[in-house]
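Asks: Sequence:
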Amino acid sequence: MFRISPVSTSAWNQLAVRALAYAAAGWLFYRLLKRIKRFSRPFFSPSRHIRRIPKASLILGSLKDLHKMEDSSIHEKWVRDYGGIFRMKLFLNVEFIMPLDTRALNHILTHSTEYPKLEDSLEGLKRLLGAGVLVTEGEKHRQQRRVMNPSFGLPSIRSLTPRMFEKTIQLRDIWLQQTEVEGGPVRIDVLSWLGRTTLDIIGLAGFNYEFNALNINEKPNELNEAFSTIFNIESGITFLAVLQELIPVLRKLPTEKRRTMDAAMRTMRRVGTKLIEERKKLFINEKGALAGASDDEQYKDLLSALVKANLDPSIPESQRMTDEEVLSQIPTFLVAGHETSSTQLTWTLFALAQHPGIQHRLREELLGVPTDTPTMDDIQALPYLDAVLREALRLHPAVPLTSRRAAKDDIIPLAEPIVDRSGQKTNEVRVGEGDLFFISITAVNRMTTLWGADADEFNPDRWNSLPETATSIPSVFANVLSFLAGSRSCIGYRFAVVEMKVILFALIRAFEFELAIPAEEFTKRSMVVTRPYLKSEKSGRAQMPLFVRPVRL
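Mapping the sequence shown onto full-length UniProt numbering, position 514 (from 1) lands on 514, and the numbers just tick up by one.
No wet-lab data here; the hints were simulated from the structure.
Check the hints yourself; a few may be wrong.
Said to hold, decoys possible - Here are the simulated DSS-like cross-link-like pairs (lysine-lysine), alpha carbons at most 30 Å apart as the crow flies:
id, residue 1, residue 2
1, 257, 280
2, 257, 538
3, 77, 64
4, 77, 425
Claimed, not checked - Pairwise CB distance ranges, derived in the manner of DEER restraints:
id, residue 1, residue 2, range
5, 266, 518, 44 to 50 Å
6, 433, 81, 39 to 45 Å
7, 145, 377, 21 to 27 Å
8, 44, 415, 25 to 31 Å
None of these values were measured; they are calculated from a predicted model.
Cβ coordinates follow ideal geometry from the N, Cα and C atoms, glycine included.
Build the full structure now, drawing on both the sequences and the hints.
Replies: In structure tokens:
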């Protein structure tokens, strides 16, 4: 029998160590080259002819100004001084192009192949969500959307509306019980409770799964715990975290955090696989053909609709989603259908608490409906509810920004001419492959040149007669940029709109909302979504305390 001597084993170990060292060095060199290319690109790109705003800080650039996008005077000044598209330096001197011109925005957002999302911003999401519709690009993204579109159509959402009401009424009754115990108004962190509600709704409407997030006295079930672990685990900047970004193989190191995350991911995969297999068995008969629609109410959910659509014989095998891709949509549903909706609703209640007259007028409209659980079509037919939600989406978008990268050299048309660095007027700008774009949803939604002099005010009546300039904003809903536009727009925006209207309908009919803390004591912080924080608290916990009292008839 052939045996490896101790000497050859030692030599093999040394060779393996060297190979790993060379691989690590090669990867570091590759990453360094990418960084150098990113820093040097602005000097050679055709976009260098676009004027650049002065950077406020050597390290942070104009990053601090971007956190003040709700102050319309900042971006209005930039537009006055530099036009509707300009360059800016951000963190560590990385340069971005910021388009505020509506024609430029439309060009970028409706040409998703030429302007994909940034790879760096997708990498972390891919590790958490897999190859879901939020992170895929190109033909794979288009293929997934084609299969998923029917799941988010109005017929599907119409059938899910009762499930939205089921969980919303559960929240309403919990708050009513709290006010009865206190005998008056109760201070409630509405952000936390709305997060529980939207999680329960997406669990039930998304894949007929009970998270029981509203049942605070019960132990969370395993998928609830796994989801909370994955998306709430500490993610501070450490030396190891930096190394893991530079050398991805280090992400496999068996740290305690890694083991906890892996266990949660295994739970999500196991439960998700079971949910998908149940639906495949339901929809495929003994002969392997697609069975007819089930009348069973428990299978009228987004995942069931997706699995059924993916099995449709009219879809070529090559165009269907793999089981792995279908599985990736479960955490995608959870992220997209939970966090953004609850945060957006929180800011809507905040605005209504600041404007009791608007809140009263909305309540009068809602109390005119003779049932606690109207249909989707009844909800959609309420004009002032629609105007209030549109205005909240405009003034307080939950997602404040997005970014893009030019995949090739291009010419971007402009609605209004700008003056370039040479002093020449131009109706278009040239950009180069690799140029980065920073799109401020908040800034576009608050520009006085688009919305009028009261753009910073909460005024639902503006939707009775929208300025013509606002109609030029690229959008899939209400001429606001909050759901974006083009093929990368939010696929579930119809679901989100109906869900938010259902929750507002039930809560505004039942309660009056007042500020528990002066509005100026709140501040906004943005990671993926913009959450409210108290300036006076150092805990770093997002919260929105409001006084909640039953409606006084």
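Asks: Against this structure, judge whether each hint is valid.
Replies: Here is how each hint holds up against the structure:
The suggested pairing of residue 257 with residue 280 is violated, with an alpha-carbon distance near 34 Å, which exceeds 30 Å. The hinted pair formed by residue 257 and residue 538 meets the criterion: a straight-line CA distance of about 25 Å does not exceed 30 Å. A distance of roughly 16 Å separates the Cα atoms of residue 77 and residue 64; the hinted pair therefore holds under the 30 Å criterion. Between the alpha carbons of residue 77 and residue 425 the distance comes to roughly 19 Å, so the proposed pair stays at or under 30 Å and holds.
For the pair residue 266 and residue 518, the beta carbons lie near 46 Å from each other, so the given range of 44 to 50 Å is met. Separation of residue 433 from residue 81 is about 28 Å and departs from the stated range, judged on CB atoms against 39 to 45 Å. Here the CB-CB span from residue 145 to residue 377 is close to 25 Å, well matched to the stated 21 to 27 Å. The hinted window of 25 to 31 Å between residue 44 and residue 415 holds, with their beta carbons roughly 28 Å apart.
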